[in-house]
Amino acid sequence: MILTLIAKRILIAIPTLLALTLVVFLMVKAVPGDPAQILLGERASADAIATLRRDMGLDQPLLVQYGIFLKKLIFEFDLGRSIASNEDVIDVIAHKFPATMELAIAGMLFAIIIGIPTGLFAAIWPATIIDFLSMTVATVGVSMPIFWLALVLTWIFGLELGLFPMSGRLGIEFYYEPVTGFVFIDSLLASDWSMFTDGLMHIVLPAVALGTIPMAFLARITRASMIEVVKQDYIRTAKSKGLRMWMVYCKHALKNAFIPILTVLGLQFGVLLGGAIITETIFAWPGIGSWLLESVNARDYTALEGGILVTASAFVIVNMAVDLLYRVFDPRMRLT
Amino acid sequence: MQPISRICGLLLLAALSMSGISAFAAEPQKGGTLIFGRGGDSVGLDPANRTDGESFNVTDHIYDSLVTFKQGTTEVIPNLATKWDISADGKTYTFQLVKNAKFHDGTPVNAEAVVFSFKRQLDDKHPAYKFSGPYSYLAAMGLDKLIKDVVKVDEFTVRFDLNKPNAPLISTLGMQAFAIVSPTAVLKYKLDFAQNPVGSGPYKLKVWEKKQKIVLEANPDYWGGTPYLKTIIFRAIPDNNTRLQEMMAGKLHVMDNPDSNHIKALEDKLKAKVKFAKAPGFNVGYLALNQDKKPFDNVKVRRAIAHAINKQAIVDTVYNGYGMVAKNPMPPSIWGYNNDIKDYEYSPEKAKALLKEAGLENGFETDLWAMPVPRPYMPDGRKVAEAIQGDLAKVGIKAKIVSYDWGTYLKQTSEGQHSMALLGWTGDIGDPDNFLYVLLDKDNAVKPAQNISFYKSDKLHELLTKAQVTSDVPTRTKLYMEAQKIIHEDAPMVPIAHSEVVLPMSADVQNLILDPTGRRRFAEVWLQK
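Chains as they are written, first to last, in numbering that gives the first Met the number 0: chain A, 0 to 335; chain B, 0 to 528.
To be clear, the hints were calculated from the coordinates, so they are not data collected in a lab.
Since this is a predicted model, take the numbers as computed values, not measurements.
Watch out, some of these pointers could steer you wrong.
What the hints assert, rightly or not - Taking lysine-lysine and the BS3-like style, the derived pairs with C-alpha atoms no more than 27 Å apart in a straight line are: (1) B:K129 with A:K70; (2) B:K209 with A:K71; (3) A:K71 with B:K69.
In isolation and in its complexed conformation, chain B is listed as follows (with noise of 0.2 Å):
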């Protein structure tokens, strides 16, 4: 009998965490207000000059976009654009706009607020330019010089017209950064725009309060519907532990960044009230090995270093476990990730032998650079380059450790002063592209470079340059998938984790899904009463 029990126990256990995880098949309901707490406040709400994520977090839910990406995946759904073409050279862009939309200034959504929005960014002559900036994530994304202009063909019709074609551009424009703004409104605040935002979003900014709460109200006329939840509060707690506290105090909906060490303790206290939604990260943490730098320009010193690292370890002791090992340089969460590639096993000997072959069986010297921050993608530099550090001294390497600050340790590797530096990214857009060109293509290995491998492989270039004209998802597919076979024999990096986001919320909170570029989006989100 006891068995039968403990099995029947076991199913009702399994069960009840299944029904804690899926939403309820209830009809969604309208009405509410959801409380998120979070780490840090918001640093301006225009979107354009923004490169913080709690920033974005809040625009993303007061501004819309041409396109945006379906919840919870990087696949590009309509926005204000209902449909575009592409012209045949993939030179010119076209975009009908929905017509019914209204920013909430009452002004309404048309070709020539999309031309505003990005010629404020793109023109220095533009009225708006000076109100804002710098544009970073333009530049960044590379649309400075890839947009030649941007047209209005009538009332509800606008045209890109490129310089290249360029087959990511569309993933690009659904970033927050791109987002169509209201042009009264930056006109008449200036300045003080980023402190009044207007958007066409689901919700309008009601009150924010610095370093405490933003608070935003559903859009009752918003064009794509009302929204469930009547109210969003965005409370900044900056301590890891008041934030638990209140979360277990009942004062949270959801909570931000939660430590490893949080989910039992939420578990114990809150038991069924409360649920967690996991998701690997968007994001690449690695070594990059300077090839301009000897002896990194053998490629068996760099595949015996690759051997050398044990990064389950890393991900065990620093990633506290949230964080998968990296193989490839993009997350497995982005198409065109190539599965079948088999990764440099931990193995002492075998990079012994590697060393060995390339004359080096005494080891070397070298320097290790650890980044002072953390960062999503690495919680902890210091202490991932002290296991690094161990598992080379191992094989005969003696690396020393270096940081500096952050501006000028991003300057300093940017210039290439370094043999071996930990680095990172994070996703912007679901698109390949934006890993592994910006990462490793010899374009970018230019000082100041962002490929600080200096790895400059022609093969891989050709791929990566012939996949960003070609719009075919699967011949672009093909090719990236081609491109991770390369970078794994040449092994100019070693990828080392992705980061796995988890966020715990009370169990009347439905509909949340996780991005998988980090945003937390609650304009699909409603609460169970």
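The shape of chain A in the complex, shown without the other chains (with noise of 0.2 Å):
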């Protein structure tokens, strides 16, 4: 059952990723700019640029240039090199995926463990200093610009304190080998417990810079959407009935209320996972999201297509994963 409606979710998704592909393709060729002019510089000659440009086949029409593109894709699963730094565009996205997607986890980790039960904590007792307190963590969260934050988080806990790293993935006395590319999955499976020490105090700072934007709407969603439930019958009669109240609240109403917390948990998460461009910047994060940019100003087409193709497919199997995990909290949608 829940088998043939996950193969089904993925026969639709084929169609969007494809259409995706082309859309992709066609933004990325209308970036203003040749890459061959680019890629010479300054001090280019023009026959060297018309020698480029034939040679990275971008004097064919571009139905063709697509077509080779797709073809590469399906049957090779071969996204090219990147045009500035001649690497495998494949073998990139391997290695910086992971790094985005330990980031946006943790982001994530620490957007619900202080998110979650501040809303649930506001709605329980609304109008009271504890509400209060809560939303204007939640205000001053999503307002807070991400820089500033970031900065002030290595100021404070990086430089005056000295509690985390400021920077990187790892401390420099470690050299990663990566594996499966995620540090934390490696260092278990070579049971080195220093390195995941080590690259658990080098993300925290980041996450929380990350997670907090994610945070604050949790933390908001969740305070709205319980409000909305417990004014209903059933809890009434919950509580009547002599329940015990974190019963009440978190097993009866939370569950009620997560359709709306899920639907912005899966949101954010796949925007956490295209990567946060000023997140990475400032902290060194070898993440995706600094690589699209970097891209972008050196018009790197075939690396752009590849990164931007990979970060918003993962949009699109979060958005499925949510998709079916709106039928574990509401029955109702089994039936569908």
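Mind docking these for me? Both chains are given alone in their own frames, and the hints should help you get the complex.
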């Protein structure tokens, strides 16, 4: 049952992903500027530029270029080589996407652990000092510019208190040889506890910086959604039945309030998977966001195509997962 | 008593600050790890197809070239070539190679390796040609047209046959792009050689974690003797403030590209634990005046513009004081710089008078192109353009600021779409030819042009081409001095500034001398324990 559902979902996703390749391809081509010129820089001669354009296949009609791109992608799982660095784009993604994913997961964990209880408390005691304080935290969290928050975090917790490292994914004493690309998984596989701990220390500040906005969103949506639910009759019944308060709120109410929370969670997580340019830059995190930005600046078509395709696919997949999870929380949806 | 103690204090301070700058006269010590925090990672470690400084900063340690530059200067010194002979007609260069050099993979550095290193760039039928490229510097320095052939004479002798004499060639060969690579490794790694560099230099690549760090380890078998530092770590920390904080926390030995306000912050926080190296940049930022467009064909108008621009104000505000006003199209750190030239002083009155003489007392309307990206020679093109726009408005010239993305900007200016355009140049080698000929000779005013002033002076052309085929430095100096005079008179461009480089480092770093070409070289650096 659930397997056919998943299979169905995946089949629906295929045309979406195909359309995505076309949009990404055309979008990247629409970016002004000639990559051959940019690659060769201030010193290039016209001959050199023309030759390079030919070598890169840029003199072919757009449709032919797209055909070649699609053929290679589907049959050879080949996204080409980066124009700027001559690296295999699939390799680059295999290195960078895990870093982005680790940071996104850590950021979401922070958002969930802080955001949902904050919203919950605010909803249990609405219009009290707890509600006021919680929502102040949420408002400040959502409106604080991320670069400022990041700098304050590194300054206080990194430089002044020396509690956490300020940049990078691991300390300089570690030479990380990726197997899966996930520092935490790889260090566990190698039973390297010092690397694991070091990775943990390094991810704290960027995760907090990245997770603050989703945290604030979650707190607000949890509060709003819970306040709706706790007004309903079955909650009153549960309370009068003498159930303990945490059972009423955490089991009965929260489960029903969870659909909108899940929607926000999924969307936010999808956004984080696209890479966080500012956070990655400030914390020197080797993720996909700053790479995409560099690729735009370098008119690195192949890198951009690959990068956008992967992040967009991640978004589609996360949404698919959220769709499936809806059914866990709301049995009515299982029928559709 | 008080004044004396104050003087003593000042003397002590002066002594302290001097000791901070100059190296201690102590014996160099071996070993240790130096951590260098910089703004970006290297793109690739095959120097032949790179144009970015962050790649060259690393390859400089991994590879040797035939010749190199003495630390802190542009003086050519032997490297893999122990000596060289230039034929009387200047068209044949013969190099004798060191005999005990080995690449990091154990293969010998010999004439074949040198021929391979050049042929893979020059000859599109060479088996390794397709593994790298585009060979930007080969084309930019004109070596594709200059070199007829590179020939192995014997095991340790190589001959370069040229199509015409070219005096700057010997400096050009010291550039990273023409470093000698291991043929075995190139053929083994093919397209991935840039990730697996193998040279014969004092350091070899140990680890490269992309966008994180590059770790270089001393090459114990280096033919020139083991270097002092055991390990050099290049950390990529793109955010300027994060890099500053890492430096403040003592996590870096050397910090690249500080903002101007960082210097004071570092002094306040680290006090005697930090010192600074300072050097004039090897570059020029300028305003090109397109002579193909009216009224810039009139020398009076060009001189009027030179008088109208307040360069000092631009240096103070946009360059944050990290620069010096330019009066010639090349920096003063190059030999042949003409210091006798008196710059057009800032004077709106003189500008107005000249415009009147040109029949433009009511001013005119024009366009002013602003660079969209920061470059070493111009940290903020937009701000410079706005300052110039204001200055020109004072003498009645209405300039509209135009900007495009970087690729389009370079293309359109090379085709002469602009009236006035900001641009600049960073020197590759310590030769005046690299600035004057490239930027202002009429040979380079052919579209797509590098001489985007479209300045075509036969007199200048004669001097510059004569200097190219003369190898005697005093004669060449004279020719370049004269050339700068002609350029000053004709005012095809307004040189604006040469930027300055400041490098903060912890007090234990010794013998770090800034390179005029902007390379960060640590091969002769050691750490005081």
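Subject >> Agreement of K71 of chain A and K69 of chain B with the hint, judged by alpha carbon distance not exceeding 27 Å >> reply: Violated, because 49 Å separates the two Cα atoms, which is more than 27 Å.
**OP:** Could you grab the alpha-carbon distance between K209 of chain B and K71 of chain A and see if it respects the 27 Å cut-off?
**Re:** holds (26 Å)
**OP:** For the pair supplied as a hint, K129 of chain B and K70 of chain A, confirm whether the alpha-carbon distance does not exceed 27 Å.
**Re:** holds (23 Å)
Checked against the numbered hints given earlier, this structure breaks only hint 3.
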